[in-house]
Structure formats: C-alpha cells, structure tokens
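**Student:** Could you build the full structure based on these sequences and the hints that come with them?
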Amino acid sequence: ELKVEQNPLFLSMQEGKNYTIYCNYSTTSDRLYWYRQDPGKSLESLFVLLSNGAVKQEGRLMASLDTKARLSTLHITAAVHDLSATYFCAVVIMEYGNKLVFGAGTILRVKS
Amino acid sequence: DGGITQSPKYLFRKEGQNVTLSCEQNLNHDAMYWYRQDPGQGLRLIYYSQIVNDFQKGDIAEGYSVSREKKESFPLTVTSAQKNPTAFYLCASRRTGGRTDTQYFGPGTRLTVL
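In order, the protein sequence lines correspond to chains A and B. Quick note: the first sequence uses the numbering used here, first residue 966, plus one each step. Quick note: the second sequence uses the numbering used here, first residue 61, plus one each step.
Since the hints were made in silico from the structure, they are not lab data. Some clues are possibly wrong.
Claimed, not checked - Below are the SDA-like pairs computed for lysine to any residue, each with C-alpha atoms no more than 20 angstroms apart in a straight line:
1. A/Lys1006 to B/Ser82
2. A/Lys968 to A/Ala1034
3. B/Lys69 to B/Thr146
4. A/Lys1006 to B/Pro68
5. A/Lys968 to B/Gly118
6. B/Lys131 to B/Gly100
7. A/Lys968 to B/Gly100
**Tutor:** Structure representation (structure tokens):
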C-alpha cells in the first residue's frame, strides 16, 4: 500500500525567510503533484513532476522530485503572507485509474 | 467558462437519511473522482470513473454509491450505512491520455450530520 508522508505538518515562519516542505512516498510512482488549499476552499494545482530530477518553479515556490529517493521537496523562498495555506503532495497510482494518494498536508502560516 | 461545479455548498443530514451530492463538469474530461477530506487530513478516494457507465471503488467506498450515466455528471449518494459522514467532499475530473493530465477539483460540499 502506498503511503505518503509530509513534514512538517505545521510550519510557522516569518516573512522573508526560506523553508522546505518534504514529501516522502513508499512505492514507485512516476508522477507527483503539489496542491494548495486555502481554508474552506478547494484544491488548486501548483506543480506536476514527472521524472527524476524534475524541477518546477512558480514565483516563490520551487518543487523538485527525486524518484530514486522517493522524495519531493517544495521550497519556499522569501515567504510572504499570501503564501499562507495548506500544501499537499499527492502521488499517482496508475493502476487504479490514476488515483491520487495524498499526504496529510502542511499548514503554512507566514507571519509579518 | 469551463470548470467543475458541486452542489450544494453546504448540506445537513439527519441520521438515517440518504443524501446526494452533485458534481458536474464541462471540461469534456473522461475521468471523474470523489474524495473525502476530514479535518487535518489529506484526501481519501471514495469512487472513481474512467468512462461513462463504469466506475470503481476507491479506498473508502463503504456507505457510498455513485452513478455515471453522462460524461459530465458523477453524483455521489451518501447512504445511511455511512457511519460517520460529516466531512468535506471534493469532486475532481481529469482528461485522459496524457502523462501530465492533472486532476482538477471542484469547490466542494461540506456535509454535516445533525
């Protein structure tokens, strides 16, 4: 059974600081997604990572994937308050209709 | 405007009642999914459908039922057999055929059992 673990589960950081969220998964998958969720809202797709060594960047967020280590990271650069949200990683299981297995989420609070 | 709509936004159910949550998409996506989210947790898959008139159970299908009579619609019924149905329910859809196909999520329905 595929397990996806994120850490930390809660992150409080000052504006302007850098930090990394980690996502480990237990079995082979060739696709990993990062989503953002604002309180009470739905999920917004941030990145899809397809191959070993893949790196995607959008604004202050950068995601990477190491399929050999079964590890993805979401790096936050010079955090701003607008980045406060819950971030989920999700790994695809193609054999089951491309279902997504989600991590528990990282709650990010950026303090001014 | 292309997208996924879910209704109602909030739903209250009495013990022993069945309720149906609506999910409609006009993205022409083949695959549709239902997830459940509990506070402080990630999403868990209830059911999914890759084509019309076909669907499969996910990880937590007990107490739920679905139908897929039309490509654009994938309603979820929460039956009285679901012992703890209070949760946030999210519908998603995905175009099939490409490796980068992302699941896009609807706005969600928050179900509360009274």
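**Student:** Against each hint, give a clear statement of whether it holds in the structure.
**Tutor:** Hints, one by one, checked against the model:
For the hint pairing A/Lys1006 with B/Ser82, the CA-to-CA distance comes to about 17 angstroms; that is within 20 angstroms, so the pair holds. For a cut-off of 20 angstroms, the pair hint linking A/Lys968 to A/Ala1034 stands: about 14 angstroms separates their Cα positions. Note on B/Lys69 and B/Thr146: the hinted pairing holds, with a Cα-Cα distance of about 14 angstroms set against a maximum of 20 angstroms. In summary, the hint linking A/Lys1006 to B/Pro68 is supported, as the alpha carbons are separated by about 14 angstroms, within the 20 angstroms threshold.
Simply put, A/Lys968 and B/Gly118 have alpha-carbon atoms about 15 angstroms apart, close enough for the 20 angstroms limit, and the pair holds. Pair hint B/Lys131 plus B/Gly100 does not hold up; C-alpha atoms about 32 angstroms apart against a cutoff of 20 angstroms. Distance check on the hinted pair: A/Lys968 and B/Gly100 sit about 17 angstroms apart at the alpha-carbon level, within 20 angstroms; holds.
Against the hints set out earlier in the document, a violation occurs for number 6 only.
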